[in-house]
Amino acid sequence: MLTRRLFLFAAAFALSFALPPVTVHADEAGALAFIQGFGDKSINTLTEEGISTEELRTRFKKLYDEGFDNSGISKFVLGRHWRKASPDQREEFMTFFHNFIVQTYSGRFQKYSGETFSAKKVLSSNGDVYIVESEVLQPEGPPIRIEWRIVGANGGYKIYDITVEGVSMAITQRSEFASVIKQGGGKLDALLDALKKKTTELASSKS
Amino acid sequence: MPGKIATMKIMTVFRLTGRFLSLAAVLLTISACTTPPEDAEARAEDDALNDPLEPANRAIFEFNRGLDTVLFKPLAKAYLLLPDGARDAVHNAVVNVSGPVDFGNALLQGDMERAGNALGRFLINSTVGLGGLFDAATTIGLPSIEEDFGQTLAVWGSPSGPYIVIPIFGPSNPRDIAGRVVDSFMDPLNYVVSDGDEFFDTYTLIRGGIEGIDERSRVIDVLDDIEANSLDFYATIRSLHRQRREDQINNGGGTSGPGPSFMTDAGDAMGASKASIAQ
Chain A
21 MLTRRLFLFA AAFALSFALP PVTVHADEAG ALAFIQGFGD KSINTLTEEG
71 ISTEELRTRF KKLYDEGFDN SGISKFVLGR HWRKASPDQR EEFMTFFHNF
121 IVQTYSGRFQ KYSGETFSAK KVLSSNGDVY IVESEVLQPE GPPIRIEWRI
171 VGANGGYKIY DITVEGVSMA ITQRSEFASV IKQGGGKLDA LLDALKKKTT
221 ELASSKS
Chain B
306 MPGKIATMKI MTVFRLTGRF LSLAAVLLTI SACTTPPEDA EARAEDDALN
356 DPLEPANRAI FEFNRGLDTV LFKPLAKAYL LLPDGARDAV HNAVVNVSGP
406 VDFGNALLQG DMERAGNALG RFLINSTVGL GGLFDAATTI GLPSIEEDFG
456 QTLAVWGSPS GPYIVIPIFG PSNPRDIAGR VVDSFMDPLN YVVSDGDEFF
506 DTYTLIRGGI EGIDERSRVI DVLDDIEANS LDFYATIRSL HRQRREDQIN
556 NGGGTSGPGP SFMTDAGDAM GASKASIAQ
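Those protein sequences? They're chains A and B, same order as listed. The numbering of the first sequence is the numbering used here, which starts it at 21 and goes up by one. The numbering of the second sequence is the numbering used here, which starts it at 306 and goes up by one.
Just so you know, these hints were derived from the structure itself, not from any lab. Honestly, I wouldn't trust all of these hints.
[Said to hold, decoys possible] In silico lysine to aspartate or glutamate, EDC-like type, Cα no more than 20 Å apart, as pairs:
no.	chain 1	residue 1	chain 2	residue 2
1	B	Lys-382	B	Asp-530
2	A	Lys-207	B	Glu-359
3	A	Lys-202	B	Asp-529
4	A	Lys-140	A	Glu-185
5	A	Lys-202	B	Asp-344
6	A	Lys-141	A	Glu-48
7	A	Lys-81	B	Glu-359
8	A	Lys-104	B	Asp-552
9	A	Lys-218	B	Asp-529
10	A	Lys-216	A	Glu-112
11	A	Lys-207	B	Glu-350
Work out the full structure, taking the sequences as your base and the hints as a guide.
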């Protein structure tokens, strides 16, 4: 009796090696295609010559809202302070953060033109989280390395971080905001005030 | 009979030890609870930040900013008035002159490919590139190699140590400072072109000055932009410097970015992402 059970078990065990391993193929091609599309669209709309600062900001906002996960990024950037924040504070932070990103990052595209974008490969994929490596080729100078961290599947992707030449946007902002909170005596309101002040300042100076 | 007594004694010891340990566990838990999580988290964050000298660093950072405003930036802006060609030639020469140090450090790191590239670059640019003024090496496809002893120490496993802002030179750390010192001794050109016994002679000063102006002039707009958009310029520079340094040490190869702790946060972030995608 025992021998028979053992034999069946052994047979099943041996059989499991004969069958091909079932692997879940993450949608790497989809992730790559998404980034190539998004990168191309970004370069085409943001580096167009002769558009006003206001127009640039509008276009950037559209791209950001479409491609980036503002609430996910907000949560990461606030770090441990998110947990203790009230729903109102969280809402306020997400709004201010959104405006802050649009204002500070949109202006940086003004001096670029003639670049081409190339999504190179998926560096790693883990479930539905992907890191896509890409390059921006400039008319002059070496290519710029950009890594995109995205999550999603089947064409529904959201970017939650972008790393340029080794510098991560999410990490930099998180580090800076943590410092503002610390300098403000550990209060989240110190950051909210600073963000409100800075975005107002930037809005008026760039018009 | 003696065996049974011995066993009973051992059992008693076990029981007492068990009770003692449980009591210790309870006491420890209580003491852990009495520390507000807030402080423990803040302390953990500070430890990870590794900037114990922050007040002093901020002061030196402000000093550097002031010095930059009155001296270095105006010099760099004046320098920008020179024609592109001339400034590019200077930049190429500056980069080329550190060729031997790039080569030596790549070798020390055991990276034969990069060492080969560094050597190739130096030889080609010094000869065909007319003393380094023209970057012929890049034209024929040799990638640029920037290595220093600080990076070598990092590759050998040395941690960076706390964040330190040095007067004039800016962001650094104990490992990189030691690295700079070693590089200055390792650089053959410091010996070849020296005009005497003093170490910090005219050559070193002039070279340092030119390198400084060249570098400063190339980052004026970028730094202005970062400063204008920062809530905390000091903290931003600290973060940028450290990330760039990590990238340099990894030669652009590591999938840089959020460290292990991010994965726990990523779970939250992904949860939020999925929710937003669903919307």
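Against the structure, the hints:
{"no.": "1", "hint": "B:Lys-382 <-> B:Asp-530", "verdict": "holds (16 Å)"}
{"no.": "2", "hint": "A:Lys-207 <-> B:Glu-359", "verdict": "holds (19 Å)"}
{"no.": "3", "hint": "A:Lys-202 <-> B:Asp-529", "verdict": "violated (24 Å)"}
{"no.": "4", "hint": "A:Lys-140 <-> A:Glu-185", "verdict": "holds (15 Å)"}
{"no.": "5", "hint": "A:Lys-202 <-> B:Asp-344", "verdict": "holds (12 Å)"}
{"no.": "6", "hint": "A:Lys-141 <-> A:Glu-48", "verdict": "holds (9 Å)"}
{"no.": "7", "hint": "A:Lys-81 <-> B:Glu-359", "verdict": "violated (36 Å)"}
{"no.": "8", "hint": "A:Lys-104 <-> B:Asp-552", "verdict": "violated (33 Å)"}
{"no.": "9", "hint": "A:Lys-218 <-> B:Asp-529", "verdict": "holds (15 Å)"}
{"no.": "10", "hint": "A:Lys-216 <-> A:Glu-112", "verdict": "holds (10 Å)"}
{"no.": "11", "hint": "A:Lys-207 <-> B:Glu-350", "verdict": "holds (15 Å)"}
Hint compliance for this structure: hints 3, 7, 8 are not met, and every other hint is.
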